[in-house]
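K.L.:
Listed in order, the protein sequences are those of chains A and B. Take the first sequence: its letters are residues 1 to 349, numbered as in my numbering. Take the second sequence: its letters are residues 1 to 349, numbered as in my numbering.
If you are wondering where the hints come from, they were derived from the structure by calculation, not from laboratory data. Just so you know, nobody snuck in bad clues.
Chain copies aren't distinguished; within one or between two, either way the pair holds.
Mimicking PhoX-like on lysine-lysine, the simulated pairs with C-alpha atoms at most 20 Å apart in a straight line are:
#1 Lys340 <-> Lys320
#2 Lys129 <-> Lys98
#3 Lys340 <-> Lys313
#4 Lys340 <-> Lys150
2 protein chains.
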Amino acid sequence: MTKRPLITALALSLGVMAGSAAADELMERANAIFEPVPQTPPVIDGNELTPAKVTLGKMLFFEPRLSASHLISCNTCHNVGLGGDDELAVSIGHGWQKGPRNAPTVFNAVFNAAQFWDGRAEDLAEQAKGPVQAGVEMSSSPDRVVTTLKSMPEYIELFEESFPGQDDPVTFDNMAVAIEAYEATLITPDAPFDRYLRGDASALNETEKEGLALFMDRGCTACHSGVNVGGQSYFPFGLVTRPGGDILPEGDKGRFAVTETASDEYVFRASPLRNIELTAPYFHSGAIWSLEEAVSVMGTSQLGTELNDDEVKSIVAFLKTLTGEMPEVRYPQLPPSTSKTPRPVDMVL
Amino acid sequence: MTKRPLITALALSLGVMAGSAAADELMERANAIFEPVPQTPPVIDGNELTPAKVTLGKMLFFEPRLSASHLISCNTCHNVGLGGDDELAVSIGHGWQKGPRNAPTVFNAVFNAAQFWDGRAEDLAEQAKGPVQAGVEMSSSPDRVVTTLKSMPEYIELFEESFPGQDDPVTFDNMAVAIEAYEATLITPDAPFDRYLRGDASALNETEKEGLALFMDRGCTACHSGVNVGGQSYFPFGLVTRPGGDILPEGDKGRFAVTETASDEYVFRASPLRNIELTAPYFHSGAIWSLEEAVSVMGTSQLGTELNDDEVKSIVAFLKTLTGEMPEVRYPQLPPSTSKTPRPVDMVL
Numbered sequence: 001m002t003k004r005p006l007i008t009a010l011a012l013s014l015g016v017m018a019g020s021a022a023a024d025e026l027m028e029r030a031n032a033i034f035e036p037v038p039q040t041p042p043v044i045d046g047n048e049l050t051p052a053k054v055t056l057g058k059m060l061f062f063e064p065r066l067s068a069s070h071l072i073s074c075n076t077c078h079n080v081g082l083g084g085d086d087e088l089a090v091s092i093g094h095g096w097q098k099g100p101r102n103a104p105t106v107f108n109a110v111f112n113a114a115q116f117w118d119g120r121a122e123d124l125a126e127q128a129k130g131p132v133q134a135g136v137e138m139s140s141s142p143d144r145v146v147t148t149l150k151s152m153p154e155y156i157e158l159f160e161e162s163f164p165g166q167d168d169p170v171t172f173d174n175m176a177v178a179i180e181a182y183e184a185t186l187i188t189p190d191a192p193f194d195r196y197l198r199g200d201a202s203a204l205n206e207t208e209k210e211g212l213a214l215f216m217d218r219g220c221t222a223c224h225s226g227v228n229v230g231g232q233s234y235f236p237f238g239l240v241t242r243p244g245g246d247i248l249p250e251g252d253k254g255r256f257a258v259t260e261t262a263s264d265e266y267v268f269r270a271s272p273l274r275n276i277e278l279t280a281p282y283f284h285s286g287a288i289w290s291l292e293e294a295v296s297v298m299g300t301s302q303l304g305t306e307l308n309d310d311e312v313k314s315i316v317a318f319l320k321t322l323t324g325e326m327p328e329v330r331y332p333q334l335p336p337s338t339s340k341t342p343r344p345v346d347m348v349l
Numbered sequence: 001m002t003k004r005p006l007i008t009a010l011a012l013s014l015g016v017m018a019g020s021a022a023a024d025e026l027m028e029r030a031n032a033i034f035e036p037v038p039q040t041p042p043v044i045d046g047n048e049l050t051p052a053k054v055t056l057g058k059m060l061f062f063e064p065r066l067s068a069s070h071l072i073s074c075n076t077c078h079n080v081g082l083g084g085d086d087e088l089a090v091s092i093g094h095g096w097q098k099g100p101r102n103a104p105t106v107f108n109a110v111f112n113a114a115q116f117w118d119g120r121a122e123d124l125a126e127q128a129k130g131p132v133q134a135g136v137e138m139s140s141s142p143d144r145v146v147t148t149l150k151s152m153p154e155y156i157e158l159f160e161e162s163f164p165g166q167d168d169p170v171t172f173d174n175m176a177v178a179i180e181a182y183e184a185t186l187i188t189p190d191a192p193f194d195r196y197l198r199g200d201a202s203a204l205n206e207t208e209k210e211g212l213a214l215f216m217d218r219g220c221t222a223c224h225s226g227v228n229v230g231g232q233s234y235f236p237f238g239l240v241t242r243p244g245g246d247i248l249p250e251g252d253k254g255r256f257a258v259t260e261t262a263s264d265e266y267v268f269r270a271s272p273l274r275n276i277e278l279t280a281p282y283f284h285s286g287a288i289w290s291l292e293e294a295v296s297v298m299g300t301s302q303l304g305t306e307l308n309d310d311e312v313k314s315i316v317a318f319l320k321t322l323t324g325e326m327p328e329v330r331y332p333q334l335p336p337s338t339s340k341t342p343r344p345v346d347m348v349l
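This is chain A alone, in the form it adopts within the complex (with noise of 0.2 Å):
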C-alpha cells in the first residue's frame, strides 16, 4: 500500500466518524462555504419567468436561424444534452473559425456574479447579445435577428405575450432578456454535494468526504466557493507559478481586456465547478482533458502545491459529488420561415 500523507489520513478518520460530532464538523465547515444548488430557479431583477417568456427564450435558445448561416444555435456550444457546453477545446463558429476560448456551460449559469471568462456581461441576457454578433460565433446582427424574428408570425405574438404593454416588442434587447428567462430554468439541483449541505451525511462517501476537506484545506475555497462552488469573482491564472503557454496562451490576457488595469493581466474569473466532470476539456484554454490533470495544474499554479495521487484522486471524487440532476428539456417547435425571412448566409465576411 503506498503511503498516505498526514492529511488523508486524517481525512479519512473523519470519515469513519461519519455522523458524529466529526463529519458534522466538516458538513458544517462547507455550509459556511458552499451553498446547495435551489430546487427553483433564482429571481432575476427586472426579467419576471413568465411561463411565456420562458416558451419564447427557450425557442430562441434553439433558434439557428440567430445566426447568419442558420446552422448555428445557441444549443450548438451549451448542448444541454452534453452538460450545457460543447466538449470542444475552443468552440467552432461561423465558417468553422475557431473561437479563442472555452465554451462555459450553461447549466446554473445564473448563479454565477457576472459571464464570460472575463465576466464581461454583467448578466445572462448582457452574455447572450455577445455570440449572436460575434464573426467568429454566430456572426449576425441586431437588425438582422430583429427582421428574422420579425418575418414569422409566431415570434411576433410571443414577443407580445412575453413583453405585454411594450409598443415594439420585438428587439434584440427583448430577445436576450428572454434568453436570460430561458437560462435562468437551467439549473440542476440535487448533486450529492448538495444532499450532504442540506444534511445527508451518507450523501458523499469517505473518499468524496476525503476531498471535500483537502479541496477547502488546501485553500480551493479562496476561489471556488458558494452555490457555484466558483464564478464569483476573478483571480489571476498562474498566482503562484505561471503555467505554460499550451495552458495559458500568452495572447489572452483575459481580464486586463475589461478593464486595461495592469494587475487585471491574465485574471479569470474562477470556473463555477457545477457538474465539471461533464464539461471537459478545461480552462479558459481547453488545453486539459483529464479531471485529474487539472486540479494537479490548480496545485501548482494557484497554491504552489504538488497535490499528489491520493490527494487528486480525492479533490476529483468530490468534484464529482457536484453533478446534478440535469434538467428535463422538451425540444421546441421553431416556426417556420416566411417569404420576409432572411436567407441564410454562409460566407465568412
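Position chain B relative to chain A; hints supplied.
P.N.:
Chain B in isolation, oriented as in the chain A frame:
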C-alpha cells in the same frame, strides 16, 4: 372578383356540398390514393423497436461525437425543431463544406420506399451510415465511431441492452440499426388531411378540398401518393420540360449515379410531401424557397401545365393540410467523454 377557371368553380361547388355524395366522392378518391400517417410507429422487419434500442438510437441521433469534429450530429441537419431538416439549400458539414443536395426531412422518412434523393439506401439503417462517413458531412469512420462509443461505459451498457445475446454489440451496423429504430418513432400523425382521410369532411376547408381535387386531377398523384404523398418511386425531374440549371444542376444526374442506366439521368425519388410547408427550400437542389413557386415549377416541368395563381394557391392550401403533430422529443443526456474517447478532429483532410 377575379375570374375563376372552371375547375376551381367545380371544386368549390363540390366543397359547398360537404357531407354530400360529391364530398364523399372526393374523400373516397383520396382514400384510394393516399393513406393516413399511422398514430404509432410501423413495424420494421428485423428491427424491433424496443425501449432500450429507441433510447439508444435517440442518444446517437443527438450525438455530435459521431462526427470527427464532435460538433455535428444527425440532428444538426435533421433538426427535430425545424420540421426534421435544416432549412438550408444544401447542408453545411465538416469544415463548413457544403453537401451536394438538400437535406430531406427525417420525419416520416420511415415510410419512404428508399432513402436519399437517389434512393441509394434501402432503409434508414443503411442511410444512417452515409452522413457519418461522408467527408463533407460528419467525416468520421466506422472504426472511429466504434472506438468512441466503446470509450463510454453508458453506451456499452445500452448497446448490450439493445442487442441482447450478441458477443460484441457495439458495432457501426448496430449504431445504424438503433438510429433507424429511433427515427421510426419520428412520425407526425393527425394532420388535417389525415383526419379527412379518416372521414372528417370538415377537416379540410373549401380551398383545401379544391387543392386536393386539383392535385389528383392534374396528375400530381402520379408521383406523389401513399402515406408520405411521395417518397415511393423514381421519376425524371423535367419529364416534360427540363427546368434551368439553377433548379436542376447539370452536374447532379440523380439516380444515374446509383444504377448507371442512361434512362436514370436526372431521375430522383419523388419528394415525400408530408409537412412540406416546414421544409423549405425545395427540390434536391434546394433552389426554390417558396412553396407556390415549387408547385408552379412542378406544373411546367412534370405535367406540362401552366398552373394559374388560383390553382397554385389551392394546391398550396391543400399541401399545408399535410402538416401533422410534431413528435415530442425530450433532449437526451449524453455520457461524458472519457480518457479513451478519441479527441475531436476539426481539420479537413
